[in-house]
Amino acid sequence: MHDRQDLLVGLNALVVDDVAFSVTLVSNMLREMGCNEVHGANGGVDALKLMQSDLGQDIDLVVLDMNMPGIDGLTILRMIREGLTEVAPTATVAMLTGVSEERVVRSAFALSVDAYVMKPVSKSALGARLARAIAQRRAGSTSPLMRSA
Amino acid sequence: MMSRPPIDFGALAELIGTDDEAHLREVASLFVTSSARMLARVRDCQARADIEALRIAAHGWKGSAVQVCAAPLAEALAQIEKSLPDAAEAIAEVERRFAALSALL
Numbered sequence: 031m032h033d034r035q036d037l038l039v040g041l042n043a044l045v046v047d048d049v050a051f052s053v054t055l056v057s058n059m060l061r062e063m064g065c066n067e068v069h070g071a072n073g074g075v076d077a078l079k080l081m082q083s084d085l086g087q088d089i090d091l092v093v094l095d096m097n098m099p100g101i102d103g104l105t106i107l108r109m110i111r112e113g114l115t116e117v118a119p120t121a122t123v124a125m126l127t128g129v130s131e132e133r134v135v136r137s138a139f140a141l142s143v144d145a146y147v148m149k150p151v152s153k154s155a156l157g158a159r160l161a162r163a164i165a166q167r168r169a170g171s172t173s174p175l176m177r178s179a
Numbered sequence: 251m252m253s254r255p256p257i258d259f260g261a262l263a264e265l266i267g268t269d270d271e272a273h274l275r276e277v278a279s280l281f282v283t284s285s286a287r288m289l290a291r292v293r294d295c296q297a298r299a300d301i302e303a304l305r306i307a308a309h310g311w312k313g314s315a316v317q318v319c320a321a322p323l324a325e326a327l328a329q330i331e332k333s334l335p336d337a338a339e340a341i342a343e344v345e346r347r348f349a350a351l352s353a354l355l
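Residue numbers (the working numbering), protein chains in the order written: chain U, 31 to 179; chain C, 251 to 355.
Worth flagging that the hints you see were computed from the coordinates, not collected in a lab.
Quick caveat, the model's predicted, so the values are computed rather than measured.
The beta-carbon is built from N, C-alpha and C at its ideal position, and this holds for glycine as well.
Hints should not be assumed to be uniformly reliable.
[Claimed, not checked] Facing chain C, a subset of chain U residues (Cβ under 10 Å, in silico): (1) Arg61; (2) Ser83; (3) Asp84; (4) Asp88; (5) Asp95; (6) Asp102; (7) Pro150; (8) Ala155.
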């Protein structure tokens, strides 16, 4: 079982969503779970600016919305994994979205997303999913089947 | 038939994991503030007849409405997505439901 939310304590996180309320809500949840710095980005363009700045180097965890104008969640995920931002390609990345189309979910896992979480999600459920994803990444699991779908 | 409240605070309390009424009201209030911006974005997309941007805006706003347990508004936003490209009526309904939600707080 990897529902140890203490794994989130001290992590620096980035929350990306084009809806400001969602950024605030999820950021507050992460702070309550013990995250250290929690940065918010209103959309993909805003996120990219932050991730390409020096701040990007300190990000351990990214929580990403999928559908955003300009730059979507899959593009952000791909850029992280390909090392095109200052965020480490090995950072834990979770999608938090209302999109459940199989094609999109498959694409996210093909790009090594660590967790795919559907909205709405409770704080406890989100914490458990993120903790599991962090534990699996730390253990070096790379199989999509082992990740939290 | 009893009308549904704009926000189901019981469900929201369960989702966020708190019974603190002040905290719940703060979350709902944040949602209303954010929603005012989203409504402006939806109107702007409609005025520019940018269907894809309107779909993304309605979809994103709907996600937040679901997250805050504002089912009536979420359903009206889903209706925008369904009725595209002609979403004028659905947008009017969203405006009515958003007004009801704003009046609550």
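Quick rundown of the hints versus the structure:
The beta carbon of U/Arg61 is not positioned within 10 Å of any beta carbon in chain C (closest approach about 13 Å), and the interface hint is therefore violated. For U/Ser83, the interface hint is violated, the least distance from its beta-carbon to any beta-carbon of chain C being 24 Å, above 10 Å. Interface hint status for U/Asp84: violated, as the beta-carbon distance to the closest one in chain C is roughly 29 Å, over 10 Å. Taking 10 Å as the C-beta contact cut-off toward chain C, the hint placing U/Asp88 at the interface is violated, the least distance being around 26 Å.
Hint status for U/Asp95: holds, given a least beta-carbon distance of 7 Å to chain C, under 10 Å. For U/Asp102, the interface hint holds, since its Cβ comes within 10 Å of a Cβ in chain C; the closest pair sits about 9 Å apart. Here the hint on U/Pro150 is kept, as its CB sits about 4 Å from the closest CB of chain C, short of 10 Å. The beta carbon of U/Ala155 comes within 9 Å of a beta carbon in chain C, closer than 10 Å, and the hint placing it at the interface holds.
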